[in-house]
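Here is how the chains run, residue by residue.
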Amino acid sequence: MYPEYLQLSLEKVAEKREANTALQPERMTAEEKDVLLKGFHPDYRTDQYTELRAGANKGDKVNTELAETLMGRARIHAGDVNLDHIDYDVDVLIIGAGGAGCAAAIEADNAGANVLMATKLRLGDANTMMAEGGIQGATKPTDSPAQHFLDAYGGGHYLGKKELVYKLVTEAPECFQWLNDMGVEFDKEEDGTLIAIHGGGTSRKRMHAAKDYTGAEIMRTLRDETRCRRIPCLNYAACIELLRDESGNIGGAVLINTNTKELKVVRAKTTIITTGGSGRLHIQGFPTSNHHGATADGLVLAYRVGAPLLFADTMQYHPTGAAYPEQILGALVTEKVRGLGAKLVNADGDVFMHPLETRDVAAAAVIRECSERGKGIDIPGGGQAVWLDTPMIEKIHGEGTIVSKIPGMFKMFNKYGIDMRKEPILIYPTLHYQNGGIEINEKCEVANTKNLFASGEVVGGIHGRNRLMGNSLLDVIVFGRESGRQAAARAKEVDHVGRLNLDHVAEFEQELSDAWVDTGVVSPKLFPNYKANFRTYLDTSFSSDKADEQ
Amino acid sequence: MPEKNEPNLITINLYGKRYRVPDNMTMLKALEYCGYAPTRGIGCRHGFCGACAMVYRIKGERQLHYCLGCETRVQDMMYISTISYFPLEKQAYKLDELEPNADMIMHLYPEIYSCVSCNTCTATCTQGLDVMGYIHDAQKGDFKACAEKSFDCIMCNCCASRCPAGISHPEVAMLARRLNGKYIAPEAKHLTERVAEVKKGDILEDVRTLMAKSDDEIRELYNNREIEK
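So the sequences go chain by chain: A and B.
Heads up, the first sequence is in our numbering, so the first residue is 1 and it goes up one at a time.
Heads up, the second sequence is in our numbering, so the first residue is 1 and it goes up one at a time.
Take the hints with a grain of salt, since some may be wrong.
[As the list claims (entries may be wrong)] What the simulated footprint calls covered on chain B by chain A, stretch by stretch (three residues with Cβ under 8 Å from a Cβ of chain A suffice, anywhere in the stretch; the number is not a length): (1) 25 to 33; (2) 44 to 58; (3) 102 to 110; (4) 113 to 121; (5) 130 to 141; (6) 151 to 163; (7) 217 to 229.
Simulated from the structure, these hints should not be mistaken for laboratory data.
All residues carry an ideal CB built from backbone N, CA and C; glycine is no exception.
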């Protein structure tokens with residue numbers, strides 16, 4: 001249900017729908033995109049950036065929220081925990097139990113390693129669970145891994161590490177088969193042909209899905225498989241620091257029980273970081289589509305032991321985050337909605353861009369529409385938005401398409417009285433993905449460290465400065481599996497882990513104090529603190545003079 | 001222009017304690033507004049993970065409600081508790097060794113045959129699924145139907161919390177979907193062929209050739225690539 005003042009704009013949208021549905025908007029030229037990005041994409045807002053003054057990326061600028069976290073103080077220091085008392089002694093420790101973590105666990109288990117997973121929430125609680133739209137892979141005769149390479153590398157502005165992109169696209173078909181054999185229910189035609197549509201920046205219909213629960217379907221299947229295999233997972237066990245041994249190799253980690261605050265020491269021959277992204281840092285004040293636990297923990301852990309980050313300054317703002325109603329502010333409206341034909345229109349009901357530009361370009365175009373061009377729609381509670389004209393979908397594909405193809409989206413809006421089959425929805429960019437991250441090679445080894453691996457959203461280099469839709473679910477599987485295989489293989493070569501220490505914490509903090517840096521942040525942050533926000537803004541309304549009746 | 005967004009305060013009772021909160025919040029946000037910083041019973045915050053199952057009554061009404069805290073708006077005189085964990089029975093199996101028939105499910109999850117058809121599971125489902133219907137499908141060994149009906153299950157486990165027969169509905173459905181995906185859904189032949197092509201290696205040569213080009217050459221190819229209609 002939209003407030004009354006929006007009716008005029010809604011009428012304009014409805015009036016022009018017929019013509020807008022038929023319209024074939026031009027795609028932007030490379031030059032137009034360049035101007036748009038520099039003018040309006042948040043990655044170019046230099047006033048929002050802060051220079052890193054310690055660590056491997058010293059001198060580089062990243063978003064201020066991330067800089068403060070990376071240069072934060074540690075949660076524990078030498079002496080806070082007895083590192084000679086080993087609680088868990090394993091071959092492979094996996095920190096994070098989302099898509100990449102579970103894929104790694106399964107492959108490490110296949111290789112015969114003794115694996116331990118640890119997650120600060122529950123097994124499977126991850127951004128993977130929330131990836132709605134799809135997974136890319138060149139499975140069709142009309143498509144090829146080379147074409148996929150071109151789209152991914154070009155979409156990332158020619159900055160991805162080529163050997164990583166190669167791995168991503170060439171292993172995609174086999175990963176699809178791996179998932180299918182584990183029982184992932186991809187959308188198929190009657191004859192078994194995988195259904196695929198376009199995503200932003202794809203030149204072939206390569207987006208495969210399981211309705212609009214693609215990530216959830218993959219995640220719950222991987223989770224089920226790790227449980228069937230009885231691979232141990234410590235829930236509510238957040239990693240707060242990596243450990244090195246006497247020879248400087250990574251030899252495990254310290255975990256904290258988030259309920260009891262008890263500390264546990266894990267000794268591991270190899271360690272894999274699969275902790276995901278950082279949307280919950282609310283970079284540049286954006287709302288986020290991310291999981292509650294997406295607080296850049298893995299970046300902090302790796303950075304503090306000396307690992308370099310790649311493209312840590314670039315974030316993905318998903319062009320279509322829900323902007324209304326307030327209860328779902330920032331929630332992801334899957335790109336599949338545009339893939340099915342819905343176009344973005346402004347307050348006057350005019351289409352202002354091709355619906356399938358890459359995400360960075362689309363997000364910048366929405367921001368420009370709402371700022372410079374003044375064609376945005378005011379939303380209750382402040383801020384601006386544009387329409388995503390969802391009724392177009394059923395005009396193109398027939399009635400019933402929305403409920404059958406994007407049931408999750410339909411449910412999300414319908415709960416608040418908005419029937420997206422009949423009315424458009426309001427959207428604005430939402431903080432969605434960390435394009436960069438820990439630098440790895442094609443074996444998922446973390447640069448500048450030994451016996452440390454990483455995979456999933458926490459790594460950088462695969463997607464350059466912009467990830468295409470569907471390449472993240474793919475990356476999680478391809479590199480998750482690889483990190484598991486490589487970590488298990490390395491663990492066989494490690495015959496001894498020396499005495500563990502936290503020397504790196506002292507070294508890093510010395511570097512901070514030498515640079516006169518004190519950000520006042522303790523990291524890894526583990527969880528966002530919304531309690532504090534509310535207390536700041538709305539303190540007075542807490543008290544109640546009435547008794548707590550039962 | 002929008003009206004100014006002054007929240008209207010209402011009363012809720014959280015874990016037996018009363019608070020005043022703005023009425024436009026979700027239950028999860030209201031919990032944080034009251035000063036809680038949950039580290040369990042919280043997950044994706046957008047209705048996909050099932051971590052924030054909650055149970056409530058409205059004072060004076062007889063009905064018990066189950067919902068996800070991240071997507072349910074608070075109401076006046078809502079009495080709330082959270083279900084951050086509910087124990088289920090999960091069988092370990094090797095999918096490769098299972099045969100998708102009723103004998104198998106009888107062996108793994110025999111309790112589904114104790115269903116008394118009270119339909120409380122369906123009434124409790126936060127996703128509006130026909131839970132009892134899919135359990136009955138599983139009883140008959142119709143895993144395709146079970147998988148289709150349960151597809152939107154996010155495993156919040158509310159159904160299981162109310163079942164007098166102790167059935168672990170979400171785990172049964174999980175198994176059915178895996179069976180359906182692996183054994184029942186038709187094979188994607190083009191995928192099998194593509195995997196064989198990759199294994200053979202010729203198709204990878206094209207990628208290597210492309211990679212060897214300069215960025216300017218690749219940019220030219222990218223900007224002029226043909227886009228499938």
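Consistency of the hints with the structure:
1. 25 to 33: Coverage by chain A holds here, the residue count being 5 at a Cβ distance below 8 Å.
2. 44 to 58: Holds, because 7 residues of the region 44 to 58 of chain B bring their Cβ atoms closer than 8 Å to Cβ atoms of chain A.
3. 102 to 110: Violated, because only 0 residues of the region 102 to 110 of chain B bring their Cβ atoms closer than 8 Å to Cβ atoms of chain A.
4. 113 to 121: Not satisfied, violated; 0 residues make the cut.
5. 130 to 141: violated (count 0)
6. 151 to 163: holds (count 4)
7. 217 to 229: holds (count 9)
The structure is inconsistent with the numbered hints 3, 4, 5, although it conforms to all the rest.
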